[in-house]
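So the protein lines, in turn, are chains E and X. Numbering of the first sequence is given in the numbering used here, commencing with residue 1 and proceeding in unit increments. Numbering of the second sequence is given in the numbering used here, commencing with residue 114 and proceeding in unit increments.
Since the hints were made in silico from the structure, they are not lab data. All the given hints hold, so there is nothing to weed out.
Okay, derived cross-link-like pairs now, BS3-like style, lysine-lysine, Cα gap no bigger than 27 angstroms in a straight line:
#1 X:Lys-212 to X:Lys-182
#2 E:Lys-57 to X:Lys-212
#3 E:Lys-57 to E:Lys-13
#4 X:Lys-139 to X:Lys-182
#5 X:Lys-169 to X:Lys-139
#6 X:Lys-183 to E:Lys-57
#7 X:Lys-182 to X:Lys-169
#8 E:Lys-57 to X:Lys-139
#9 X:Lys-139 to X:Lys-183
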Amino acid sequence: KAGVTQTPRYLIKTRGQQVTLSCSPISGHRSVSWYQQTPGQGLQFLFEYFSETQRNKGNFPGRFSGRQFSNSRSEMNVSTLELGDSALYLCASSLYPREAGAFFGQGTRLTVV
Amino acid sequence: SQQGEEDPQALSIQEGENATMNCSYKTSINNLQWYRQNSGRGLVHLILIRSNEREKHSGRLRVTLDTSKKSSSLLITASRAADTASYFCATEGAGNNRKLIWGLGTSLAVNP
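Let the hints inform the model, and build the full structure from the sequences given.
In structure tokens, the structure reads:
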């Protein structure tokens with residue numbers, strides 16, 4: 001069974017630009033969550049999608065948005081990039097409700113210059 | 114905001130020794146999970162313990178949960194160099210609040 005696939009793995013953008021990150025969950029998993037990981041703040045929850053609906057949202061500004069498609073693939077978008085958005089963005093897929101933990105992708109390393 | 118706080122922040126031991134990491138959290142939970150992260154394999158789920166469980170084992174891992182103290186511990190027995198990684202606890206909230214809230218992690222170094 002293929003794992004969680006995130007693309008791209010690395011990305012360099014300039015301030016003010018926007019970026020779209022993609023996540024393909026494990027086959028059969030309908031829940032996809034996104035996290036931002038930075039050395040100072042650790043892992044911060046962004047949002048969770050299940051069956052194309054946002055189920056939970058973290059405390060991030062509206063510049064961060066996401067969506068889920070009918071095949072459970074998910075994208076997250078960050079508009080008007082700021083230097084502080086530089087981070088590792090992790091996607092996790094899981095069965096819903098979760099009783100076996102979440103499976104993470106390798107992440108997308110975003111650098112904003 | 115962080116829910117969990119791991120203790121210690123960093124731990125260095127010799128191969129064969131046991132490693133114990135602790136996690137404290139603040140609100141009611143549905144379950145608590147431990148994950149490992151290293152550069153080679155990314156973030157990997159290790160073990161999940163439900164709020165009505167007190168202890169769980171998986172191979173060389175032993176997890177305890179004390180909901181009265183809002184704390185958990187992860188014990189790795191007979192550690193190996195390959196156990197070198199950062200270990201995170203994550204709590205899933207009770208009720209409809211099911212997002213995972215993470216601690217900042219314990220960095221474990223196992224020296225050969």
